[in-house]
Amino acid sequence: MSGRRATAAALVALALALAPPAAPAAGVLRVCADPDNLPFSSAGRGDRGLYVELAELVAARLHRRAEYTWWRTDYAKRALRSTLLAHDCDVFFGLPARGDFMPGSLTLTGAFLDVGYALAAPAARGLTSLDGVGGGSVAVAFRSPPQLLLAERADIRAVTFRGDEEALDALARGAVDAAFVWGPVAGYYNRTRLGGRLRIVPVAGEGLQWRVAAGLRKGDAALRAEVETALAALAPEITALAARYGFPAAAAPPPATGANDAAAGRTTFNQHCARCHSPNAASPEPSQDLRRLTRRYGSGGRERFDTAVAEGRPDKGMPGWREVLTPEVIGSIWRFLESVQVTGGELRLFVTNERSNDVTVYEAASGRLLATIPVGRRPRGVVGSPDGRTVFVASSDADEVTVIDAARLAVVATLPAGRDPEGLALNRDGTRLYAVNENEQAVTVLEIPGGRRVATIPVGTEPETAVLSPDGTRLAVSNETSNDVVFIDPRTDAVVGRTVVARNPRGMRFSGDSRRLYVACEQAHVVVVIDVASLRVVQSAPTGGERPVDVRLSRDGSRLWVSHGLSGDVRVLDAATLEVQAAIAVGPRAWWMAASPEGDRLYVTVGRANEVVVIDTVSGAVVRRLPAGTLPWGVAAVEVR
Amino acid sequence: MISAVTRLRTAPALLLALALTLPAAAQPGEWPVYGGDPANTRYSPLARIDAGNVSRLRVAWVLQLGSLRSQESTPLVVGDTLYVTSSFGPRNVFAVDARRGRVRWRYSPDVPAGIEQFACCDVGHRGVAYARGRVFVGRLDGHLVALDAATGRELWDTPIVDYTQGAVITSPPTLVKNLVITGFGGGEYGVRGFLAALDQDSGREVWRLWTVPGPGEPGHDTWKGDSWKLGGGAVWGIGSYDPALNLLYYGTGNPSPWAASVRGPGTRNYGRFTNLYTATTLAIDPDTGRIVWHFQSTPHDAWDFDGINELVLADVEIDGRLRQVLFKADRNGFFYVLDRRTGALLAARPFVNVNWATGVDMTTGRPQEADDKRPGLTTPTKNICPNTLGAKNWQPMSYNPRTGLVYIPTLNLCMDMQQAEPAYRRGKLYLTPDLDLDRVGPGGHMAELIAWDPVRQQKRWGNPDDLPWLGGTLTTAGGLVFHGDVRGGFKALDAMTGRLLWEFSTGSGISAAPITYELDGTQYVAVVSGRTFSVPLMIGGPIGSRMVDASPQGGALFVFTLAPP
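Residue numbers (numbering that gives the first Met the number 0), protein chains in the order written: chain A, 0 to 640; chain B, 0 to 564.
In case anyone wonders, no lab produced these hints; they're calculated from the structure.
Simulated restraints, written as ranges between beta carbons of each label pair:
| id | chain 1 | residue 1 | chain 2 | residue 2 | range |
| --- | --- | --- | --- | --- | --- |
| 1 | A | Arg80 | B | Tyr423 | 54 to 62 Å |
| 2 | B | Gly442 | A | Gly103 | 39 to 47 Å |
| 3 | B | Tyr423 | A | Ser557 | 47 to 55 Å |
None of the values given here were measured: they were computed from a predicted structure. Backbone N, C-alpha and C fix where the C-beta goes; we use that ideal spot for every residue, glycine too.
The task is simple: from the sequences and hints, build the whole structure.
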């Protein structure tokens, strides 16, 4: 019954209920909840609990049906790991709305409810604060914040019970003067068992009042936004539910988080903006969708927003609002929009700096430097996992691969990877990492996660790098000194072919259909095309530049970009004829390249300039130069989730 | 060729109704006016395509309209020329060879970029009007122009209304004798609506009828204070004309702003504050612009029950008497039958789920409002059905005198709504409600194509759809109903049963109504495709997303004929 777990642990497990996202099993919101934790949730008959009723309301707004996975929450984090994080459900209602609560695995909605500890006493006593208890006895639960708090007060005698419910039982039979327990539990007990005889007063103080959010798996940003929008719209219903379950109103508002301001902003948004940008900003048209400002403009989103709102975008049909809305009101709209930004899938650039032994990380949209992460000596190859969560860096002189959490930007592991690892590649599902060992004439295969070495594949002399075909059936490894390319089947890790190319093959790229491989041959100053089926060189042409290093294909496969170390440029070739169409000067030792997922940006390390150059692939213009560490080598563009 | 008039005789009781629908100058097989005829029946006597052979319909030709988004145009066919417009103002008016689709001329006015900020509900354009060698085009920028039908050359250009106040023309004008009559949209921007009649030869204004009466005029006292000045009542839909009675009919739009408390008490005890002539059916003497009678379906509107829905004129037998009536499937959810000579109310029944009113008082014509469904200023009013998009929006219905049924594209969406009193700023939306339109009505479907018996006042059949915003309808003597949907599907149904007989995917959502015409013994069916852009944005949320996912934006005219057996 109520109060069973109104302890510090239950604080975390404020309650549960979730909604499902990913599910193309359309129409279902999968919610996890505690089967026996009223007033929050219950799988039994009778009251279902606030979070379950809320889950139903949220599901209805999403035009889905709620389905429940029941799991006890005595140990909240374990419950989350066993349910939500095991993909048994998609939403968990009732988590602390704090950025430091399991930030590596969870994404939280904005707070939708305030709860906290409260003082319960017979209404007749007229108790309004702890001070009024003076000399009396107060029931508390073992190891609860109230117990600790009262331990410091000499004027109040604390009587400890195993849980909130027992504390309330003691109060009900008159054994104590008051109970200092979890407010919702006290309120529900009062409503269901004591006919409202108690008066329940929230108590302000550090660790006593909490804001409650719903949690989802990190990466389920789209569903999080939907749930959050629904919660925002359901504010009146939530207030009514809390009243129905007897929850006392929250004490002093928690530290300013802008939530009230955001709520006001939401109303203003709906009144003035929703006709074109949809109610609660939940726009179905990407062009009108203001939940993507951060994703599009990074930290520049606010400035763009302010300008567009104040001045309008007259030729786009957006009126200016300066005469209608004050800067304060516009600011509150921004805070509302901030609360609904889609945060997953932010594109970040990870750049290895060979001399400064670090990785610099940038927000691709704005070019802002997010972090400089020290790694092992001489970092070179860099690759992101398909799920956007992990980045692998070959720290060549340390003979290891450094593993970076792409969201938190912290080193989480180092894996032995054979001698002198240089180029890196992953198989399609991200379960095998291929590290090219320049001086071992081999490729080391590591199991991911874990890093167990599962194979060593002999290749040619001075292997440089490896790339995977889009269909996942071929891994190509270039050998700089034996002047050939070796093809490996990543499903068996067997070498299945070898093609001799021109001198010093380095960067490679498969065509979208995986049937052709483009190879830059540095000393021959040519690009070679291999027919993958026959292993024959079918085309070869000079690039016009000196020392071609890396190749990239446009998304439609029509253009090829080739970076050049000596001539310091990127040349644009017709991918069919290999005719050179343009040269874009970037700087000395233009080295490895990455492209944005949309193909509209090309990122090139420029080693001797200590920069990363950003090229607009449509206009061919250099649009940005990002300062890097010393001697930048590789770059990976990763959609971080 | 079987003449249309001869065919009509096969349905003797309906002869009068059909005779009325044929304008004197029209040739059989043409589609000379937006609604097919001045009575807006969208009924065609053509019958070569019927239930037995419609499965052989194939694309004959396609015309790309040169704009994407929100195509709403009904083409005209006069002689062997087809006239069709694109969205955006229009960006293009085309005159094409109706047999093969070759472009004869194109008129592309310079409509200002970004004008959508002055158009409440998107940049749709519903088509042109034709008479005596001239094509008349209303434009988003508030101009009405006359073109030479042979060349597309501009003959005159008359500004009707200043678009920068939030006033745009989206519908074709109505042609009566030597007049061209147009209204405009703008009820969301605090315009004061009017109809203007111009001389077809010169473009000079002959009369103007304000739909919100000024001081000293009858009905002025239905407005609180100065609210009439920004009172709305914009006439953005389609007119009908009865030449025998010499009466012009128009539905008027919602009052402005949506918050009724600005215009009166804001409660259902609104007394005299009915806000005439908004959300009203008007019968007008076309020679003078004088109102002959009026019938207001939603007095003191607070829901945006914008009553511009087209008025279908028909002669039907009611209680043993042949009556000259008009039909209106009102945005507010009631299907009205009025005596079109006098405005007398003959019937009013809900044709979809309606909960804001329990019925209509047959004596006063006023809706009997529910206790708790009028949105006020302090708390959201929950679950109002229908929502602001209405039980039926602008997409036209059709009436088939052979089946006696009206084919209506209906909506089944509800809303939560809270009003707020806006401050007026010229050219800005003059409404600030907090709205949630993302609500499906009872039954779980979001739309339904229904066949309504206007005499018995009941639904004969219905085809529910799990996405909203069906296209307008066409019905034919071949026993067929044609309409599109938001996925881009274009369908032929059995007019008696609603059974699906044929479907073709046009690749983008269809809002516009189809037409049919005949040339050299070949019957054609034509429809414009191009998904609505603004409606999913207004709804937002999961429903909006499903509409957007249903099809991409587009802009093309598809023309079909029968393939050989």
